[in-house]
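Chains as they are written, first to last, in our numbering: chain W, 190 to 529; chain L, 190 to 529.
Careful, some of the hints might be misleading.
The list cannot tell twin chains apart, which means a pair is met if one copy fits it or any two copies do.
What the hints assert, rightly or not - Okay, derived cross-link-like pairs now, DSSO-like style, lysine-lysine, Cα gap no bigger than 27 angstroms in a straight line:
#1 Lys529 - Lys289
#2 Lys452 - Lys216
#3 Lys350 - Lys398
#4 Lys224 - Lys294
Hints were generated in silico from the structure; no laboratory data involved.
There are 2 protein chains.
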Amino acid sequence: MVNVLINGYGSIGKRVADAVAKQDDMKVIGVTKTKPDFEARMAVEKGYKLFAAIPERKHLFEEAGIPVEGTLDDIIEDADIVVDGAPKKIGKANLENVYKKHGVKAIIQGGEKAGDAQDSFNSLWSYNRCYGKDYIRLVSCNTTGLCRSMYAINSVADILKARIVLIRRAADPNDVKTGPVNAIVPNPVSVPSHHGPDVVSVIPELDGKIMTSAVIVPTTLMHMHSIMVETSGTNRDEIIDALAKTPRILTLKASEGFDSTAKIIEYARDLGRSRYDLNEIAVWEESVNVVDNEVYMMQAIHQESDVIPENVDCIRAMLEMESDNLKSIEKTNKAMGLIK
Amino acid sequence: MVNVLINGYGSIGKRVADAVAKQDDMKVIGVTKTKPDFEARMAVEKGYKLFAAIPERKHLFEEAGIPVEGTLDDIIEDADIVVDGAPKKIGKANLENVYKKHGVKAIIQGGEKAGDAQDSFNSLWSYNRCYGKDYIRLVSCNTTGLCRSMYAINSVADILKARIVLIRRAADPNDVKTGPVNAIVPNPVSVPSHHGPDVVSVIPELDGKIMTSAVIVPTTLMHMHSIMVETSGTNRDEIIDALAKTPRILTLKASEGFDSTAKIIEYARDLGRSRYDLNEIAVWEESVNVVDNEVYMMQAIHQESDVIPENVDCIRAMLEMESDNLKSIEKTNKAMGLIK
């Protein structure tokens, strides 16, 4: 039973905490917050030991009537690994200023850059590379999703050239400061976007073979990818079969009512998923097509949650708890109640 | 001076009426409406002669205090050409049941199918083919925009394979019944979408060389295209130059503030454009890139208005008023006050 500390109980952190708590080989020894908001109160109510991420703010929690056990410094030495859930750029600062100083292993999230850690993690592609490592970056939701679908395609054919257009959600559901409300925003406005190189940070063999462009649109539910992949040779049945065999990819049929990201989220709600998380990515079955050995498909990514089971697997790899990535995936999935 | 009748004074019809009225070689002899709404009242206030599109409803206009000159049947024989502005599928029915019966030339809009008319019109590509013809379909806003950018690319290199992802606006600004409000909708959910074949209806030489997929997103302002075109060989400077030389394409810089479709529409408003129409399509200059002879770019399409000047050119072609398409384009643009 290894000790996991969640530094930053926000969108990612609170989900990783719950996922870790469900595993039988790891436990959450504490979570941190920078401010005493409702998430902090709920962390305590859920039974997590709460620590002030910033020592000078400890009194704010006490004044707000939210009990804290201490500050980050009081707990970090007890951790075998820290999962960083801080906002973009803060994760890197935490790695340099806190985790390395304390000599504790750490996972930083996909908002940080590839070079900020020793390697970039995806359960299917780089589990072995990250095995036993100290500082690992867990790639973003979009990159995680692309790694899964590239894994499926790669399992039946060589990928010669992948072209992907990412249609990104504007803001998470709880974010009222971010737009657009009514516009399409090329982001970045230059082509290629950074997503291709980020996939390459996980899958070096795709270097020079992946081009991505991205826009942001006014929705909060999910990202979406339109994927076009030239291959050495395959057919639709092979791809459908490969998607079915790849962990954490669901193939959903528009003919069954999955006609948009909204219906996919409705499905997650009906499944009774906590926070309506869909940790698996969803591929629309009708969108899968192969013409002249080029694979076409469209997929949806729940931005808040597809990386969560990857964080659990990453802990197992870094702490050398399980050498077989597929066994870790299966164990994580089972504990979290994932479909596959 | 030729006589133009606008059958259906709606989103397209009212714009075509204003564009025709600005030309010195054609005039609007009447517009029709199916119901006495504010658009009907404004048509009369603007000086257009209003006719009831459906004879049985003439009394509704009179009861609403909106003067009508008569019904469609009273004016259609005076027309040299009818521009149909009816909703999808009604245009085809009008062509079969009304225009052909009266032996009057007619333009139907892009909601109809390629086979419904004699040919598909774009000012740059098929002006000569449509010259003197009787029944022509003017392709949709998206197809019109794609035809323009393919023209620019084709002017400097052979197009080997075009891949385009269309990110479509959910509804026009005045439409309160259509969604999505918060979702991304693959539409169609199958790949390829119909947009590729629709471009081929204008540009037969692209048959088998264009693949499109499309999604609908919650915005009302503009469509957007992420374009990837393998060519026989070109470079960025050539493409930028070709875009600059192609009529009705504006190249806008994100560095000047054009960071989204919303800013492009703000520009059209600041230009003083009627109804903030941007009849030109807009390409983001920073998005233009050429890697391994493959052209990448992103463009925005004002769905309500890019086809309007094309309707004017189409009238000139079908009535054999000007044999040179570029001269017609220039004449139309000048009268409408377009930038290029």
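So, going through the hints one by one against the coordinates:
Within a single copy, lysine 529 and lysine 289 get their C-alpha atoms no closer than 35 angstroms, and across copies no closer than 59 angstroms, so neither meets the 27 angstroms cut-off. In this assembly of identical chains, lysine 452 and lysine 216 lie within 27 angstroms of each other by CA distance neither inside one copy nor across copies; the values are 34 angstroms within and 49 angstroms between. Both within a single protomer and between protomers do lysine 350 and lysine 398 lie at most 27 angstroms apart by alpha-carbon distance, with minima of 5 angstroms and 17 angstroms respectively. Taking identical chains as interchangeable, the C-alpha atoms of lysine 224 and lysine 294 lie at most 27 angstroms apart only when both belong to the same chain, with a minimum of 25 angstroms there against 71 angstroms between chains.
In summary, the structure is inconsistent with hints 1 and 2 from the numbered list given earlier, while agreeing with the others.
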